[in-house]
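Q: These protein sequence lines are chains A and B, in that order. Residues are numbered in our numbering as their position in the first sequence, beginning at 1, plus a constant of 31. Residues are numbered in our numbering as their position in the second sequence, beginning at 1, plus a constant of 209.
Keep in mind the hints are simulated off the structure, nothing from the lab. Don't take every hint at face value.
To be verified - On the chain A side, residues computed to face chain B include the following (Cβ under 10 angstroms):
| no. | residue |
| --- | --- |
| 1 | 283 |
| 2 | 402 |
| 3 | 461 |
Stated by the list, open to error - Keeping only pairs whose Cα atoms sit at most 30 angstroms apart, straight-line, the calculated DSSO-like set for lysine-lysine is:
| no. | chain 1 | residue 1 | chain 2 | residue 2 |
| --- | --- | --- | --- | --- |
| 4 | A | 130 | A | 192 |
| 5 | B | 430 | A | 72 |
| 6 | B | 519 | A | 98 |
| 7 | B | 212 | B | 231 |
| 8 | A | 93 | B | 261 |
To be verified - Some residues of chain A that are not near chain B, with every Cβ distance over 12 angstroms (derived):
| no. | residue |
| --- | --- |
| 9 | 60 |
| 10 | 65 |
| 11 | 76 |
| 12 | 83 |
| 13 | 85 |
| 14 | 87 |
| 15 | 93 |
| 16 | 98 |
| 17 | 178 |
| 18 | 180 |
| 19 | 187 |
| 20 | 203 |
Just so it is clear, CB atoms sit at the ideal spot from N, CA and C, and this is done for glycine as well.
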Amino acid sequence: MPKSRYKNTIELTVQAADRGTEIFVVDSGLRRIASDVGALKQAVSPGIYKIRFRSGQSQIDKLIEVKPDVDSMKVEGPSVQFSSAAPIEQTSTNREYHKNAACELSLSPARERPGRGSGLFVFVRDLLPNAVSEPWEGLSIHQIDGKFVAKLSDGVCNAKKQYGGLNLEVDPGIYRIRVDTGQIGTFEMFAVTAAGWQTQYFAMTDDFPAAEAQVRRASLRSSTIMMAPQGTGYNPLSEYNRLAEIFRIALQSGRNVLTANEMIKLLKEKCENPMLLIFGAHLLVRLRPINHPLLNEVIRNLEQRFAFHPDVKSLLLRPGAGTPAPDLAFPEPPMLRSSWDLIVRGSRRRMQLVPPGSVADSVADGLLTTTPWLLHRLDDTDQDHPRAASLSEVRQSLEKLVEMGEGKTTPKTRDGTLGDIEQLNPLEQKLLNATVLRPTFFREAGKKDAKSGLSPSVSQVLREIDAPYYAIARSVVSLVKKLGIDFEK
Amino acid sequence: MPKNDHYAIVVGISTYPDPSLKDLQGPVSDARAFCQWLRDPTGGDLDAQNIKCLLTTDFHPPDPTGPQDAHPIPNEIDALFEQFVSQGLQGRIGERLYIFVAGHGFSDTQNVENNSLYAANARGSFPYNTAITHYASWFYRCAVFDEIVLIMDCCRTRNPMHSVNLPPLPISQGSARASRVRKFYAFATGWGQETREKKFDDGTWSGIFTTALLKALKNTKPDSQGQVTGLGIKNYVHNVFKSVAGNIPVEPPDIQVDSSRDIIFRKTVNAAIHSVEIFLQTHTGQETLVFYDGSGEELLQAQATSPSLKFNFETGFYKVVVADTDRSELFEVPADAKVTV
């Protein structure tokens with residue numbers, strides 16, 4: 032940028048329409064000179080600047096002129112329309128007919144009452160007016176033990192307007208939202224319901240490429256969860272719901288859109304939006320240094336609402352939080368991937384955090400590495416899990432597998448017998464990648480012998496695998512078995 | 210004179226016959242456009258012999274009947290690197306290596322630095338791929354080149370069912386000179402994110418990232434020393450990326466530049482010039498247009514002899530004022546080619 036001919040500076044204040052909107056100030060040399068979230072103050076020389084407002088995956092640029100004859104200047108940003116599975120006002124994916132239907136259905140009497148005390152509202156929609164499949168296809172709700180609760184098709188389904196909605200009254204707890212895509216597989220995520228609250232689950236359909244044809248189903252990955260006091264229904268105008276969506280997308284894309292000050296403000300406002308606080312707390316865990324007193328306050332606030340919520344309790348396992356209570360355990364999986372990562376980290380120090388044979392233990396096998404939700408693929412075979420090995424057995428087996436990677440032994444998977452690899456579940460595949468398939472040896476046309484030097488230690492391997500200890504232990508046993516290795520020989 | 214010690218590897222894969230990966234429209238034309246920039250004396254200025262280019266169209270048509278006869282396959286991609294690896298074992302090869310790849314891609318679930326390009330014969334159950342970053346990392350560690358420019362216009366999604374296929378590179382202790390190697394790594398999107406392509410107004414399909422990057426390589430204004438640096442390119446791409454994407458939702462690219470050891474892409478005394486057309490809403494013939502640059506400095510005055518006039522400007526922000534009226538307009542070059550005042 033050419034140097035300003037003016038000596039004075041002007042205080043530029045930029046206010047975004049949403050508190051979670053990122054603001055960037057760019058000078059004429061295209062250099063970013065300031066950035067913040069929600070609002071920004073910066074002393075600038077007179078001149079022309081570009082202000083960028085970003086929410087979710089959308090952004091709006093605005094050119095401004097800062098004149099030399101003023102002391103300060105204020106710029107107000109427009110509302111940035113981002114994409115959301117929920118039909119929220121001022122979002123690019125809002126459709127009036129979806130919004131009205133969601134409001135109405137979420138307040139209608141529960142169509143089915145498999146339990147008492149909490150609500151679960153599920154709403155799936157398709158933005159394509161003439162989609163070949165119906166949005167409610169393949170989606171069902173199950174108890175955490177797998178017992179069937181309801182199908183979305185049991186609810187109100189409107190083919191013309193392309194939506195399906197189901198209002199349930201259920202016992203407080205954790206539920207599986209399951210999508211069966213047919214040939215690609217069956218996938219699940221988890222939703223927590225709490226006494227006196229309605230959990231609102233929203234998804235949009237998307238295409239999944241399959242071997243023979245495209246499959247169009249509810250996309251768990253881009254779905255969203257909101258919570259509202261029972262009887263109040265879905266509120267598409269809620270500022271907090273909108274902010275919660277911005278936080279959710281930030282968790283997904285790894286952007287920092289929350290400051291400690293903003294969280295303090297939300298607490299002072301007595302924000303009654305649990306999902307906003309949960310997403311916010313997980314964003315705060317990513318900031319360094321971690322503000323422990325503030326996070327403790329958020330956790331206390333949330334614990335007043337929930338007897339046990341894995342996404343709240345997992346925050347107790349954040350780095351530097353101290354030793355958690357000895358009876359803390361996660362037999363059931365959380366909703367968020369970031370919670371899972373904290374739990375896995377904690378299980379390295381205390382194996383019983385994820386009890387062997389629990390639901391949380393079993394989902395580790397088919398985990399998908401998506402964010403922000405913890406998604407897993409159901410195992411088709413419904414196999415019996417092999418016994419979990421002891422710590423010393425696991426270490427020995429991992430050492431042997433790493434040795435195979437060094438070329439000291441040749442596993443049959445290297446010979447092109449890849450059929451075995453196809454049968455591995457994602458966790459077994461990860462173990463194989465982290466050990467045997469590491470390219471740690473010289474393979475240049477046999478010119479040199481295999482040579483180690485970069486092999487991982489067993490601890491490194493354990494650190495790299497995003498699964499609790501018992502799941503790893505069990506999968507090491509099954510991997511060794513599937514590879515047909517007998518280490519005794 | 211072309212830069213004889215600059216080299217390039219360019220790969221563009223558009224055809225993926227397996228239903229698990231859709232065909233792409235942009236990679237081949239993107240790779241060609243990048244090659245064109247590489248050969249351009251005002252661009253990369255490479256000797257054509259130093260550019261190794263591998264495109265789907267080198268093998269097709271006819272279109273492959275299935276993944277079994279789709280190309281390029283990993284070995285064909287690896288072959289592009291092989292010569293540099295073999296030579297690199299003996300020591301330094303040249304000043305700069307460009308690696309440009311476009312096609313379907315993914316990232317390692319555990320290692321953010323491992324990014325792979327799916328080969329044309331990739332299938333859902335056999336995800337043949339080449340870890341491009343692994344090659345770049347090896348060249349860097351062994352200081353085979355003084356500068357490495359890596360550009361990957363691919364998705365960086367994480368698929369736990371697919372493992373990054375690390376090429377069988379020879380073990381090397383690395384070079385003491387590695388710490389002095391400069392690098393510019395540009396990924397179309399952040400880790401775990403998807404990248405997009407689109408049909409542009411001229412009817413051609415292209416990757417949004419490659420389009421923004423090529424604009425940056427051509428148009429980034431030189432700094433006060435007349436140098437177009439990696440940081441300048443990065444700033445330019447971030448600035449135009451959303452306007453290039455238009456209505457398509459995109460995550461910002463991930464461009465990694467070491468500002469203390471930046472790469473100089475171009476040295477020039479003249480910045481790129483762009484034409485801007487100014488329209489006068491009302492026109493009497495008596496109007497005078499006054500232009501100001503981004504710092505508020507008056508640039509020029511011009512008599513509005515017609516309701517539509519063309520002017521040339523460097524990249525930046527500007528203001529045009531109709532003198533003695535309250536009519537004025539801010540505009541950005543090159544984003545705003547037409548301005549009404």
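Q: Taking the numbered hints from earlier one at a time, note which ones the structure violates and give those numbers from smallest to largest.
A: Of the numbered hints, 7, 8, 9, 11, 12, 13, 14, 15, 16 do not hold.
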